[in-house]
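S.K.: Chain by chain, the residues run as shown.
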Amino acid sequence: DTAVSQTPKYLVTQMGNDKSIKCEQNLGHDTMYWYKQDSKKFLKIMFSYNNKELIINETVPNRFSPKSPDKAHLNLHINSLELGDSAVYFCASSQAGTGGDTQYFGPGTRLTVL
Amino acid sequence: DAKTTQPTSMDCAEGRAANLPCNHSTISGNEYVYWYRQIHSQGPQYIIHGLKNNETNEMASLIITEDRKSSTLILPHATLRDTAVYYCIVKGGTASKLTFGTGTRLQVTL
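Quick note, the sequences are listed as chains A and B, same order.
For the first sequence, this note's numbering begins at 1 and goes up steadily by one.
For the second sequence, this note's numbering begins at 1 and goes up steadily by one.
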């Protein structure tokens with residue numbers, strides 16, 4: 001019973017293509033996130049949704065568009081893929097409460113753009 | 001969110017306690033100290049967090065100094081599977097981002 005799951009695990013595609021990565025959480029959390037880890041291993045926030053509403057939007061090219069059909073899902077669509085988009089993308093979720101809101105991460109999607 | 005400073009790398013013998021320090025001298029009153037680790041290229045794994053009291057769970061203990069300017073993560077009996085990059089993160093507010101630094105690469109050896 002995976003808490004935060006992502007599909008696909010690996011994605012290899014050509015430059016210029018459009019692709020989507022899906023994320024689902026079964027923890028009942030109301031906030032979901034997308035992080036990107038580049039080749040130098042730096043992990044950075046990209047987006048965050050709370051109850052399907054965008055609340056964090058870091059400086060990310062508008063080729064990246066998150067979509068949250070419901071609280072349990074946050075998908076990432078990427079248009080016109082570029083070589084520099086190659087990275088590992090992690091989804092996470094959290095639930096606000098007393099004592100902080102711990103984020104739980106998915107296993108990641110390794111995107112390779114050729 | 002406050003910035004943290006951690007040693008780049010540490011070694012620990014298997015079976016011994018691993019003590020990972022973190023400085024966060026600019027932490028604010030409502031900010032928590034979180035610890036995560038990343039094993040190879042897996043997703044970051046939550047370990048423990050605290051506000052001002054020391055905390056313990058099945059994975060580790062977190063010791064926070066009284067002035068809250070530094071903390072130590074303790075893995076009481078390190079195993080080879082604890083080899084990972086450990087991140088100390090200070091975070092305030094709900095639904096806010098985790099700002100990952102470069103972390104401490106812990107190598108557990110036989």
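Since the hints were derived computationally from the structure, they do not count as laboratory data.
All residues carry an ideal CB built from backbone N, CA and C; glycine is no exception.
Honestly, I wouldn't trust all of these hints.
Claimed, not checked - Quick list of in silico lysine-lysine cross-link-like pairs, DSS-like style, CA-CA up to 27 Å:
id : chain 1 : residue 1 : chain 2 : residue 2
1  : B       : K52       : B       : K3
2  : A       : K22       : A       : K71
3  : A       : K67       : B       : K69
4  : A       : K41       : B       : K3
5  : A       : K40       : B       : K3
6  : A       : K9        : A       : K67
7  : A       : K40       : A       : K71
8  : B       : K52       : A       : K36
9  : B       : K3        : A       : K44
10 : A       : K71       : A       : K52
11 : A       : K52       : A       : K40
12 : A       : K52       : A       : K36
13 : A       : K41       : A       : K9
14 : A       : K44       : A       : K9
15 : A       : K71       : A       : K9
Unchecked claim - Partial chain A-side listing against chain B, Cβ under 7 Å, derived:
id : residue
16 : N51
17 : I55
18 : T102
19 : G106
S.K.: Are the hints correct? Go through all of them and say.
M.R.: Cross-check of the supplied hints:
1. Annotation: proposed proximity of K52 (chain B) to K3 (chain B) holds, straight-line Cα distance about 17 Å (limit 27 Å).
2. Between K22 (chain A) and K71 (chain A), the direct Cα distance comes to roughly 13 Å. Compliance with the 27 Å bound is thereby established for this hinted pair.
3. Taking the CA atoms of K67 (chain A) and K69 (chain B), the gap is about 39 Å. The hint is violated against a cut of 27 Å.
4. A C-alpha spacing of about 18 Å is found between K41 (chain A) and K3 (chain B), which places the hinted pair at or below 27 Å, so the restraint holds.
5. A threshold of 27 Å between alpha carbons decides the hint, and for K40 (chain A) with K3 (chain B) the separation of about 20 Å falls inside it, so the pair holds.
6. Pair hint K9 (chain A) plus K67 (chain A) holds up; C-alpha atoms about 19 Å apart against a cutoff of 27 Å.
7. Taking the CA atoms of K40 (chain A) and K71 (chain A), the gap is near 32 Å; set against the 27 Å cutoff, the hint is violated.
8. For the given pair, K52 (chain B) sits about 30 Å from K36 (chain A) by alpha-carbon distance, which is inconsistent with the 27 Å threshold.
9. For the hint pairing K3 (chain B) with K44 (chain A), the CA-to-CA distance comes to about 14 Å; that is within 27 Å, so the pair holds.
10. A C-alpha spacing of about 6 Å is found between K71 (chain A) and K52 (chain A), which places the hinted pair at or below 27 Å, so the restraint holds.
11. At most 27 Å may separate the alpha-carbon atoms for a hinted pair to count; K52 (chain A) and K40 (chain A) exceed this at roughly 31 Å.
12. A threshold of 27 Å between alpha carbons decides the hint, and for K52 (chain A) with K36 (chain A) the separation of about 20 Å falls inside it, so the pair holds.
13. Our distance criterion of 27 Å between C-alpha atoms is met by K41 (chain A) and K9 (chain A), whose separation comes to about 18 Å.
14. A hinted pair counts as satisfied when its Cα atoms are at most 27 Å apart, and K44 (chain A) with K9 (chain A) qualifies at roughly 19 Å.
15. In summary, the hint linking K71 (chain A) to K9 (chain A) is supported, as the alpha carbons are separated by about 22 Å, within the 27 Å threshold.
16. Checking N51 (chain A) against chain B by beta carbon gives a least distance of about 10 Å; that is not within 7 Å, so the hint is violated.
17. Taking 7 Å as the C-beta contact cut-off toward chain B, the hint placing I55 (chain A) at the interface holds, the least distance being around 6 Å.
18. Residue-level restraint check for T102 (chain A) holds (minimum Cβ-Cβ distance to chain B is 5 Å; threshold 7 Å).
19. The interface hint given for G106 (chain A) is met, as the beta carbon of that residue sits about 5 Å from the closest beta carbon of chain B, less than 7 Å.
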